[in-house]
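Colleague: Chain by chain, the residues run as shown.
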Amino acid sequence: MSVAILRQGDYLIASIRSDLSDTQVLELREELSELVGEVRARGIVIDVAALDVIDSFVARSLRSIVMTARLRGAETVIVGIQPDVAIAMVQFRLNLGQLRVALDLDEALALLDRLTRRDVGDGR
Amino acid sequence: MAGDVRVAINADADLVEARAEGRAMAERLGFPRPDPTLIATAISEVARNIVVHVGQGEILLRPVEEADRYGLVVIARDEGAGIRDLEAALRDDVSGRGGLGLGLSGARRLMDEFDIESTADSGTIVTMKKWRMRDELARLRAERRARG
Amino acid sequence: MDREPDNDASSLLQELVAYLRDRRTELREEWARRISEAELLGVMSEEEIFSEATEVYDNYVDALETGSIETLRTYARELSERIIPRGVETHEVLGIVLLLRDVLARSLFARYQEDPELLNRILDAYEPAANRIAVTVGVSFVEERERVINEQQESLRELSTPVLQLRERLLILPIIGVLDSARARQLTEQLLGAIQDKRARVVVIDITGVATIDRTVANHLVQTVEASRLMGASTILTGLSSEIAQTLVDLGVDLGMMRTVGDLQGGLEEAERLAGYRDAEDQTPGDAES
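Residue numbers (my numbering), protein chains in the order written: chain A, 1 to 124; chain B, 125 to 272; chain C, 273 to 562.
Just so you know, the hints here were simulated from the structure itself, not pulled from any lab data.
From a predicted model like this one, the values you see are computed outputs, not experimental measurements.
Cβ atoms here follow ideal geometry from the backbone N, Cα and C, with glycine treated the same way.
Treat the hints with care, as some may be off.
As the list claims (entries may be wrong) - Calculated cross-link-like contacts (lysine to any residue; reagent style SDA-like; alpha-carbon spacing at most 25 Å):
hint: 1; chain 1: B; residue 1: Lys-253; chain 2: A; residue 2: Leu-51
hint: 2; chain 1: B; residue 1: Lys-253; chain 2: C; residue 2: Leu-428
hint: 3; chain 1: C; residue 1: Lys-470; chain 2: A; residue 2: Ala-14
hint: 4; chain 1: C; residue 1: Lys-470; chain 2: B; residue 2: Arg-157
hint: 5; chain 1: B; residue 1: Lys-253; chain 2: C; residue 2: Arg-455
Unchecked claim - Not everything, but these chain C residues come out facing chain A in the computed CB check (under 7 Å):
hint: 6; residue: Leu-464
hint: 7; residue: Gly-465
hint: 8; residue: Arg-471
hint: 9; residue: Gln-495
hint: 10; residue: Glu-498
hint: 11; residue: Ala-499
hint: 12; residue: Leu-502
hint: 13; residue: Met-503
hint: 14; residue: Gly-504
Full structure from sequences and hints, please.
Modeller: Next comes the structure, spelled out in structure tokens:
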């Protein structure tokens, strides 16, 4: 299976296991979109450590996931961007605003905790 | 030519193969990191254009060995209707998505040489090359030559 | 008489090769003697010279016989690999090969001098082959030296861009000296690797020791900062000279986006704050572009 999605409390953790075809990326987007609503997730972590290429399509799709999730009340953090991939993305000048990143899962969960705690402070 | 690797591009699953072959060849040639990733990413962009805009085409990967340097040539070919406005295609649009979403401008930034020919009659050929000097001395010699 | 020059040369070569093999012991000694006289290979002991001389002699004669320089090239490279670390220099290697060529030539001369016409033909066969051998050995040696120099430069570069872990989650990369493209590339790889290995949250890149950088390298620096960001680490650039600051501005880098602090000390304090070691007034969540 190329992507495993686990639930940890209020969060969804999507682990990408191998290089994905475009179709698989779109499937991931669909699945996360559904799940966020289903389980009322407050945060999503997408682990891209297994991706050794992140091109414009993947970047667009990640942005799309982030925006859709936000509309449904969840923040998204991308983790595990590999060094070479980071260099490629920067040299490519992929538009990266809006994407939250963290080094690894622990960092991502800590970040989500901070972010969702802030939301609570909003008085919703 | 000996050493050439061809990947038929008919569906998006073929992009996975094209990326993998590109990376493998780059590593075999001895490209240091992060070049194999840069090359694979550029391949991904041009191969996707073929799938999305034409549906069928080919990626040719060719290793080049010269005295002072080695290189990898990527030739992405399709027989579609051609890109009408090349200039727009290569420009970054305001949102930074890379003109018309084609990602060609990004691919160009990742490679050392980039050439594109596109007509309605013969389709589109994108030729991209990445080079590495074999060693420090070759690099210094090349720099000296460039300075004249 | 119609003679195929090739056949003639090749059969002559066979003959002189047989002769050189026959006289192997004495010719090799003669050669070793002349090497000492010329004060070459001073770094090697007599036993070493003798054993290498034996191998070289045999390979030399083999090359004469087969005409194949591939085997010779391989041998020459291996030999070079052995003797370069000993400090043997290029002029010594060329010197001894040329001496061998001469010792053998004189010996052939002595043998065939009674028949000048035959001698001429022998030398016609011998000379081009011997010269090709000399060139091959010389070039192999030089190429091997270049390879070694490259390796050493690579190591030097690695040593000179150390990424240090100041505290947990906090790395510092002090850069000193000339920063060129190659070094900048290596620097990026090392830094990003260290961010991953050490799970760094903050990196301080100190360029107090760098006087000036060109646009390419400045670009590289900016890309390094951005790439670090993508891996979840914040970067603080410290020690910018006014010249470098100007270069960055000219490049269109929004210095407001990049955290820069004038001096290293200030940078470290800021870094500790960011990494959570001091009171964080403003813990900015991990935006990919801030």
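Colleague: Each hint: holds or not?
Modeller: Hint check results:
At roughly 23 Å between alpha-carbon atoms, B:Lys-253 and A:Leu-51 fall within 25 Å of each other, so this suggested pair holds. Proximity of B:Lys-253 to C:Leu-428 is assessed by CA-CA distance (about 30 Å); at most 25 Å being required, the pair is judged violated. This hinted pair checks out: C:Lys-470 and A:Ala-14 have alpha carbons roughly 24 Å apart, not beyond 25 Å. In summary, the hint linking C:Lys-470 to B:Arg-157 is supported, as the alpha carbons are separated by about 20 Å, within the 25 Å threshold.
For the hint linking B:Lys-253 to C:Arg-455, the alpha-carbon distance of about 23 Å falls within 25 Å, and the restraint holds. Taking 7 Å as the C-beta contact cut-off toward chain A, the hint placing C:Leu-464 at the interface holds, the least distance being around 3 Å. At its closest, the beta carbon of C:Gly-465 sits 6 Å from a beta carbon of chain A; the interface hint therefore holds under the 7 Å criterion. A hinted interface residue such as C:Arg-471 counts as satisfied when its beta carbon comes closer than 7 Å to some beta carbon of chain A; here the least separation is about 6 Å, so the hint holds.
Proximity of C:Gln-495 to chain A holds as hinted, the smallest CB-CB distance being about 5 Å (cut-off 7 Å). Interface hint at C:Glu-498: satisfied, since its Cβ lies 4 Å from the closest Cβ of chain A, which is below the 7 Å cut-off. Against a cut-off of 7 Å between C-beta atoms, the interface hint on C:Ala-499 holds, since the closest Cβ of chain A lies about 4 Å away. Look at C:Leu-502: its Cβ gets to within about 4 Å of chain A, closer than 7 Å, so that hint holds up.
Hint on C:Met-503 holds. Least Cβ distance to chain A is approximately 5 Å, under the 7 Å limit. A least Cβ separation of about 4 Å between C:Gly-504 and chain A falls short of the 7 Å threshold, and the interface hint therefore holds.
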